[in-house]
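2 protein chains.
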Amino acid sequence: MKIAIDAMGGDHGLSPIVEGSMQALKELDAELILVGQEDPIRAELDRLKWTDSRLTIQHASQTVEMHESPAQVARKKRDSSIWVATKMVKDGAADGVVSAGNTGATMVSAFFQLGMIKGVERPAICAMLPTLQGTAVMLDVGATVDCTARQLYQFGIMGHEYGKHLLGKANPRVGLLSIGEEDTKGNDMTKEAFRLLRESPLNFIGNLEGREVYSGNADVIVCDGFLGNVSLKISEGLADAMKKMLMREVMASRLGRLSFLFITGPLMRLRRRTDYAEFGGAPLLGVNGISMICHGRSSAKAIKNAILRAEALAKGRLIDLIQRDIAESLMTPTDPQMA
Amino acid sequence: MKIAIDAMGGDHGLSPIVEGSMQALKELDAELILVGQEDPIRAELDRLKWTDSRLTIQHASQTVEMHESPAQVARKKRDSSIWVATKMVKDGAADGVVSAGNTGATMVSAFFQLGMIKGVERPAICAMLPTLQGTAVMLDVGATVDCTARQLYQFGIMGHEYGKHLLGKANPRVGLLSIGEEDTKGNDMTKEAFRLLRESPLNFIGNLEGREVYSGNADVIVCDGFLGNVSLKISEGLADAMKKMLMREVMASRLGRLSFLFITGPLMRLRRRTDYAEFGGAPLLGVNGISMICHGRSSAKAIKNAILRAEALAKGRLIDLIQRDIAESLMTPTDPQMA
Chain B
1 MKIAIDAMGG DHGLSPIVEG SMQALKELDA ELILVGQEDP IRAELDRLKW TDSRLTIQHA
61 SQTVEMHESP AQVARKKRDS SIWVATKMVK DGAADGVVSA GNTGATMVSA FFQLGMIKGV
121 ERPAICAMLP TLQGTAVMLD VGATVDCTAR QLYQFGIMGH EYGKHLLGKA NPRVGLLSIG
181 EEDTKGNDMT KEAFRLLRES PLNFIGNLEG REVYSGNADV IVCDGFLGNV SLKISEGLAD
241 AMKKMLMREV MASRLGRLSF LFITGPLMRL RRRTDYAEFG GAPLLGVNGI SMICHGRSSA
301 KAIKNAILRA EALAKGRLID LIQRDIAESL MTPTDPQMA
Chain L
1 MKIAIDAMGG DHGLSPIVEG SMQALKELDA ELILVGQEDP IRAELDRLKW TDSRLTIQHA
61 SQTVEMHESP AQVARKKRDS SIWVATKMVK DGAADGVVSA GNTGATMVSA FFQLGMIKGV
121 ERPAICAMLP TLQGTAVMLD VGATVDCTAR QLYQFGIMGH EYGKHLLGKA NPRVGLLSIG
181 EEDTKGNDMT KEAFRLLRES PLNFIGNLEG REVYSGNADV IVCDGFLGNV SLKISEGLAD
241 AMKKMLMREV MASRLGRLSF LFITGPLMRL RRRTDYAEFG GAPLLGVNGI SMICHGRSSA
301 KAIKNAILRA EALAKGRLID LIQRDIAESL MTPTDPQMA
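Chains as they are written, first to last, in my numbering: chain B, 1 to 339; chain L, 1 to 339.
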């Protein structure tokens with residue numbers, strides 16, 4: 001297995017990406033290709049005294065900044081690290097790509113170069129969430145903001161395969177994020193998606209209210225990219241706000257300040273449980289190749305985990321499994337349009 | 001001022017509603033009418049040894065259960081407590097109605113009997129959220145699940161007036177819940193709503209990412225009823241899950257268990273800061289009368305606060321202010337359709 005890594009992406013420069021790659025190689029029998037400007041990458045490898053020949057460099061002269069318009073990448077940045085790294089997957093020179101850079105640019109690179117899996121209409125970013133019962137996946141969290149019911153249904157299929165792979169469950173419970181449990185609840189789009197999912201062979205458990213996202217009642221949570229993205233970011237913001245409010249309360253009284261000594265341990269462990277770095281990147285599902293999107297703020301550990309996951313997804317032939325399921329769904333006349 | 005109270009609504013029976021009404025009268029120069037089955041209400045008042053003549057009973061023979069279809073209310077439950085209480089507002093016998101019963105039934109009662117404020121297309125439930133800087137309002141959180149851009153714009157106008165009233169700010173900051181700060185980010189509906197809001201006289205601060213909801217960067221957060229409802233319930237679920245995860249961590253070690261003694265105070269104060277009961281109900285804005293929707297689990301304190309707020313909204317002539325702003329917006333040619 002070979003994984004291409006966008007070395008120029010991420011908010012913290014080269015170091016966490018190079019270090020994460022080195023850490024991954026300690027756990028992995030694979031080749032990693034750092035894609036980006038050769039001189040600074042080589043300098044970083046020298047600094048870290050790295051000699052393992054399984055880590056190579058593929059030069060790419062351009063970079064894509066975080067604020068740049070993704071649309072520009074396909075036209076003006078064809079020698080950028082993310083474009084070149086994705087091209088290696090297209091050309092068969094790599095089995096997957098990992099990037100902590102501009103998310104839009106990563107999506108555009110994958111969409112234009114890898115294309116879609118046959119039959120899949122739109123891509124979906126599949127994030128992981130900690131729940132009271134373990135881990136769940138949610139898709140889409142930002143790739144496709146305007147969805148149709150049929151696309152939501154396809155997200156369910158892709159989430160099913162990814163959930164199976166990730167959670168090790170034979171038949172993951174798929175829920176549709178909505179505003180009430182009854183099938184009559186929802187907006188026009190989710191009501192139609194409910195019908196398609198119910199008639200599918202998926203283990204569909206029905207509508208899922210917002211309250212149930214973190215309870216762990218579902219393994220796979222289906223929603224459009226607009227709702228998913230807002231949901232994820234509200235969760236991040238609320239978790240931060242709650243920690244700050246709790247700390248304010250703790251610090252506001254002498255007894256509270258005393259508790260600080262004791263609560264630091266539990267708070268740190270909670271932080272670890274809800275830390276995205278523990279999870280590593282989120283795959284862009286639906287494109288015809290493995291593309292892992294990492295948080296811009298990714299640590300070396302997050303990069304390492306994303307590389308391990310990309311390798312596992314490639315080895316597990318996730319793309320083939322999704323392609324098979326989608327082909328079957330297109331043969332099943334659950335929807336007159338889909339027959 | 002006279003406020004009609006749906007005495008038969010809520011998950012905890014009559015007691016919190018009657019007690020909340022009694023508490024409200026201690027702080028309020030107003031008349032309250034408990035609407036519902038006379039015998040049990042009178043028995044409850046006797047039990048609590050209440051004699052103040054400002055609290056009266058209006059008999060209504062029917063009740064609406066929490067699980068009942070709201071659509072039935074208008075047809076088969078015209079002598080239900082919520083229908084009769086809302087009718088009192090319509091007939092001028094009360095200045096506002098408060099209910100902790102079936103939310104859908106409360107909306108249907110208001111929609112059919114009070115009608116809409118002239119020019120307002122759809123109603124919005126306006127919830128309050130605690131933020132790091134104080135309080136914000138969010139609308140819609142569940143009345144209108146399929147929205148147009150123009151309806152979102154009208155929610156901005158209604159939120160502006162309610163935010164002014166509630167937060168005491170001359171010109172509340174209005175933000176549009178979306179997936180990025182730039183005006184090019186969002187789905188088709190929010191991009192069009194962005195344009196309408198930017199060209200309006202509102203203090204529009206642009207798109208608001210999910211992360212910013214609890215930071216307090218905006219006073220009024222505009223979204224459709226589907227997104228708002230999911231957002232609110234995800235927040236409730238995550239707050240619960242975080243408390244549970246923290247408690248598990250605290251209880252998992254001896255040092256942690258020791259901290260329990262010290263952290264109880266701060267946790268209780270945090271709970272109070274984020275407790276919906278402190279806020280009292282959420283108004284159904286857009287209908288032509290004051291209608292306050294309370295959580296089914298409302299405590300006496302939550303009911304009291306909702307009554308105080310209903311009285312304040314009626315006194316502040318919120319309906320007239322919204323009507324004036326909407327009329328002005330219809331005269332301003334920000335949108336060819338609206339000219």
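Rather than coming from a laboratory, the hints here were simulated on the basis of the structure.
Incorrect hints may have been included.
The list cannot tell twin chains apart, which means a pair is met if one copy fits it or any two copies do.
To be verified - Using 16 Å as the maximum straight-line C-alpha spacing, the simulated EDC-like pairs for lysine to aspartate or glutamate come out as follows:
# : residue 1 : residue 2
1 : Lys301    : Glu249
2 : Lys185    : Glu68
3 : Lys90     : Asp79
Outcome of the hint check:
no. : hint            : in the structure
1   : Lys301 - Glu249 : neither (32 Å within a copy, 23 Å between copies)
2   : Lys185 - Glu68  : between (39 Å within a copy, 13 Å between copies)
3   : Lys90 - Asp79   : within (15 Å within a copy, 68 Å between copies)
In summary, the one numbered hint that this structure violates is 1.
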